[in-house]
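Construct the complete structure from the given sequences, taking the supplied hints into account.
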Amino acid sequence: GNSVTQMEGPVTLSEEAFLTINCTYTATGYPSLFWYVQYPGEGLQLLLKATKADDKGSNKGFEATYRKETTSFHLEKGSVQVSDSAVYFCALRLIQGAQKLVFGQGTRLTINP
Amino acid sequence: SAVISQKPSRDICQRGTSLTIQCQVDSQVTMMFWYRQQPGQSLTLIATANQGSEATYESGFVIDKFPISRPNLTFSTLTVSNMSPEDSSIYLCSTYGTGSYEQYFGPGTRLTVT
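Line by line, the protein sequences give chains A and B. Per our numbering, the first sequence runs over residues 5 to 117. Per our numbering, the second sequence runs over residues 41 to 154.
It should be emphasised that the hints constitute simulated quantities derived from the structure, not laboratory data. Just to be clear, a hint being listed does not mean it is correct.
Heads up, simulated DMTMM-like pairs for lysine to aspartate or glutamate below, C-alpha to C-alpha not over 25 Å straight-line [unchecked claim]: (1) A:Lys64 / B:Asp127; (2) A:Lys104 / B:Glu94; (3) A:Lys60 / B:Glu142; (4) A:Lys104 / B:Asp104.
Restraint ranges, calculated between C-beta atoms of paired labels, are given here [stated by the list, open to error]: (5) A:Gly82 / B:Gln91: 40 to 46 Å; (6) A:Thr24 / B:Asp66: 33 to 39 Å; (7) A:Ile99 / B:Val102: 45 to 51 Å; (8) A:Thr75 / B:Ser109: 34 to 40 Å; (9) B:Glu142 / A:Phe22: 24 to 30 Å; (10) B:Ser109 / A:Thr30: 33 to 39 Å.
Predicted, not measured: the structure shown is a model, and the values here were computed from it. Here a beta-carbon is modelled for each residue, glycine too, at the ideal position from N, C-alpha and C.
Spelled out as structure tokens, the structure:
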């Protein structure tokens, strides 16, 4: 089946630290990959996406590269800020079939000043 | 893109009652999705609603408990029926942007059942 596995949280870092949140996937077809972010008390927002192998999605200083050989889509940021504190969700969507999003379990990130 | 609004934003309901959540999109869309996010958990798809056809429910969700309406291409409702405390969750409406791979979400409805 199709599934997404994220690194276990919660993750706590100091401001300006380097961030990596691991995400790996299993898919029966060729998926598009996404990172969503949920700030405290808010809805889900699309952070970045990649639709084919070796694509790099980027937004707000965050980056993730679609690695087909390792079935991974790790989220990185070189220098985090307190305002990055949120829950991050990795997700996939198959191009064919039901086209529904499959989410990972989410990783709660807290950045301390 | 797609701008999605939901009503109500939150509610506190008594056990055994029902609540209908409304979802409005700012453009015509084919597919609309309803998700549930239980406290501290990830999102789980409840059903997919296409205009003019019956909603398709995911495993573990049934129409009697979560009836859905899709009367036109910009609007949908989800009813949570005969509620119990286990239904306390955030319910989110979602759709694709026009001609886009990107899926957008409403702000969610935070439901607490006492």
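Structure versus earlier hints - violations, ascending order: Structure breaks hints 1 and 7.
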